[in-house]
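These protein sequence lines are chains A and B, in that order. For the first sequence, this note's numbering gives the first residue as 1, with consecutive numbering after it. For the second sequence, this note's numbering gives the first residue as 1, with consecutive numbering after it.
Derived by calculation from the structure, the hints in this document are not laboratory data. Here the structure is a predicted model, which means the values were calculated and not measured. From the three backbone atoms N, C-alpha and C, an ideal C-beta is built for every residue, glycine too. Be careful, since some hints might not be right.
Stretches of chain A that chain B covers, calculated by requiring three or more beta carbons in the stretch to come under 8 Å of a beta carbon on chain B [what the hints assert, rightly or not]:
| id | region |
| --- | --- |
| 1 | 77–89 |
| 2 | 140–152 |
| 3 | 201–213 |
| 4 | 246–252 |
| 5 | 271–285 |
Covered stretches of chain B, as calculated for chain A (at least 3 residues, CB under 8 Å) [claimed, not checked]:
| id | region |
| --- | --- |
| 6 | 63–74 |
| 7 | 146–160 |
Below are the chains, spelled out letter by letter.
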Amino acid sequence: MTGAAPGPTGATARRGPEPAAVRLRRLLILLPWLMERGEVPVAAAAARFGVTREQLIRDVELAAMCGLPPYVDEMLDLFVDQDVIYAGVPRLFTRPLRLTAREAFSLLAAGRAALELPGADVGGPLARALDKVSVALGSDPVLKVDVPRPRFLDTIQGAVRDHRRLVITYFTASRGERAERTVDPVAVVTERGNWYLQAFDHGAEEARWFRVDRIEALTVTDEPATADLAPADRAPDWLLRFADATVVRLRVPTSAGWVAERYPVLSVEPDGADHLRLELPVVSVRWLERLLLRLGAEATVVSPAEWRDVGRQAARRVLDAYG
Amino acid sequence: MTDPLERLTNLVALLLETRTPLTLDRIAHELRGQYPASDPARRTAFERDKRQLRDEGVPLEQTVLGGDQAGATGYWIDRSRYALPELGLTVEEARALRLAVAAVHLGADWGGDALLKIDASGDLDADAASVGSAAVADLPALAELPTLFQANTDRAIVTFGYRGRTRRLEAYGILARAGFWYVIGLDRDAGEVRTYRVDRIEGAVEVGPARAYEIPEGFDPAASFPADAMMVGEGEVVSASVLVRSRQVPSVVEALGDAAVVERREGGDIVVTVPYANRWAFRSWLLGLVDDAEVLEPPDLREEVVAWLEALAPSG
Numbered sequence: 001m002t003g004a005a006p007g008p009t010g011a012t013a014r015r016g017p018e019p020a021a022v023r024l025r026r027l028l029i030l031l032p033w034l035m036e037r038g039e040v041p042v043a044a045a046a047a048r049f050g051v052t053r054e055q056l057i058r059d060v061e062l063a064a065m066c067g068l069p070p071y072v073d074e075m076l077d078l079f080v081d082q083d084v085i086y087a088g089v090p091r092l093f094t095r096p097l098r099l100t101a102r103e104a105f106s107l108l109a110a111g112r113a114a115l116e117l118p119g120a121d122v123g124g125p126l127a128r129a130l131d132k133v134s135v136a137l138g139s140d141p142v143l144k145v146d147v148p149r150p151r152f153l154d155t156i157q158g159a160v161r162d163h164r165r166l167v168i169t170y171f172t173a174s175r176g177e178r179a180e181r182t183v184d185p186v187a188v189v190t191e192r193g194n195w196y197l198q199a200f201d202h203g204a205e206e207a208r209w210f211r212v213d214r215i216e217a218l219t220v221t222d223e224p225a226t227a228d229l230a231p232a233d234r235a236p237d238w239l240l241r242f243a244d245a246t247v248v249r250l251r252v253p254t255s256a257g258w259v260a261e262r263y264p265v266l267s268v269e270p271d272g273a274d275h276l277r278l279e280l281p282v283v284s285v286r287w288l289e290r291l292l293l294r295l296g297a298e299a300t301v302v303s304p305a306e307w308r309d310v311g312r313q314a315a316r317r318v319l320d321a322y323g
Numbered sequence: 001m002t003d004p005l006e007r008l009t010n011l012v013a014l015l016l017e018t019r020t021p022l023t024l025d026r027i028a029h030e031l032r033g034q035y036p037a038s039d040p041a042r043r044t045a046f047e048r049d050k051r052q053l054r055d056e057g058v059p060l061e062q063t064v065l066g067g068d069q070a071g072a073t074g075y076w077i078d079r080s081r082y083a084l085p086e087l088g089l090t091v092e093e094a095r096a097l098r099l100a101v102a103a104v105h106l107g108a109d110w111g112g113d114a115l116l117k118i119d120a121s122g123d124l125d126a127d128a129a130s131v132g133s134a135a136v137a138d139l140p141a142l143a144e145l146p147t148l149f150q151a152n153t154d155r156a157i158v159t160f161g162y163r164g165r166t167r168r169l170e171a172y173g174i175l176a177r178a179g180f181w182y183v184i185g186l187d188r189d190a191g192e193v194r195t196y197r198v199d200r201i202e203g204a205v206e207v208g209p210a211r212a213y214e215i216p217e218g219f220d221p222a223a224s225f226p227a228d229a230m231m232v233g234e235g236e237v238v239s240a241s242v243l244v245r246s247r248q249v250p251s252v253v254e255a256l257g258d259a260a261v262v263e264r265r266e267g268g269d270i271v272v273t274v275p276y277a278n279r280w281a282f283r284s285w286l287l288g289l290v291d292d293a294e295v296l297e298p299p300d301l302r303e304e305v306v307a308w309l310e311a312l313a314p315s316g
């Protein structure tokens, strides 16, 4: 949501006429806000609510025709003139509608998660704000977001904040390789239980994502980070990361449905009563080996043909180690 | 045709201001031509409005009337529950909430809607720039979560399908961990505290009346089951002894801790002790290391792993 105002349920992105429910949701927040202010430039209100000027004026002018029977004097006191909205005597909708379950949940979940992020002040204003929101909900909801804290997370977060260049020893699990890299960190993001570092890799001369828990050693240098890279506001896009991946088709028992929950599969289809067909992007044979070893004998690679034997060969190699 | 928003707005105003419950006939009369003149069109239109208002969180109440309107249903909006209470947030607290909502993505912008309500004086865009350097979290948004959350807040029993069976749960808490949401609580039929993955709930979640149970004092959802998947299981805890080859040593030690290392061999290989209660999770971890790990003890576990691998690669 960086850049754009948080409009109710992405009203700006929607094509075609807005549903009445979405407009009502907005109106029940907009009306008390206008009444508290008295006069507001149309542009300011439109920006805050994430709608166009036309949408905003249409809804305000409509609200001006609403009120109580017999619809003569007990009307909402609103009018738009020369790009300014005027709200007269406050009546009827003077307080916003209470938080819905969706809103209360999101606020608490975001707040509780933010308290677990590096640099959070546990006794600070966020914690106090969440307490006030909980009180307003009537009784205390029990909601917790458990965020992992890999060893170097706080140091990396500090380097992002201070724009400092890092030297990291990184283990690439998909290739089983370890290497030292000089990187300019720009963001740390957590998703699916892992932390990712977005950085410019000076060796590769391009932007890269690193799993923070796979950083084995780290030095914060005295050099400033100079890379001109926009910080991501979300975790690396799975499909983008797999842009040059091979699509592998697997036949697995239904008990292996967890694969579809854990990995970004492209499709899942039932195959008979007790099997599934999965299509998933695979960036390295080593990653596929690990998956097939875990899936066991009941899973088979359907295509590509040259990878049909990957699981058997990996199992053979591990057995050789067992002697 | 009149704009449907006009009728909805007038309906909310009327039902907020009324001192007595109003029947549909009365509502249609007061709203003067905004509803169709007769049934069943009128009833259909009203039912749709009613559903929309309730979906939006408007506390639209109804009751069966007595007296001269005996049998008819009367409607009103509970004013005390309609309005958002004054939260009394300081400027600093409101800003902290804005930053939190900006830094934590839930898949849908419900949090943004909430901010518009509770933070009337804040400039929502002003802080967007400072989020850039903060850590950011992405959590999956699931349709069941607000319902479970509300039920937990109200202490209302939830009923839902899970692995083909109906469960009735006193939801003690909700937990996000490692990319999944869990609801933890007393399963009324099993008579014990159980954990359910929210994305595996089948069908709709039904919510019972409020204040049906109490949550044990100090209940911590994060402590209700181990963060380590290998320790989540019904079985007794077994300690495996595993040889880890040098290449994987740093990441294994990072994950298990120095205390797990029982032997350091020449050439950099180590032996670690790995406790587990869940055989499946243990095997998954072990095989993820491919030929860089080998189970040494106990013997039956070693045999089981060999058998699993031999099924994959039959000899001869």
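So, going through the hints one by one against the coordinates:
1. 77–89: violated (count 0)
2. 140–152: Result for this restraint: holds, n = 11.
3. 201–213: violated (count 1)
4. 246–252: violated (count 0)
5. 271–285: As far as the region 271–285 of chain A goes, the hint is violated, because 0 residues have Cβ atoms under 8 Å from chain B.
6. 63–74: Our answer is that it is violated, as 0 residues pass the Cβ test (under 8 Å) against chain A, missing three.
7. 146–160: holds (count 8)
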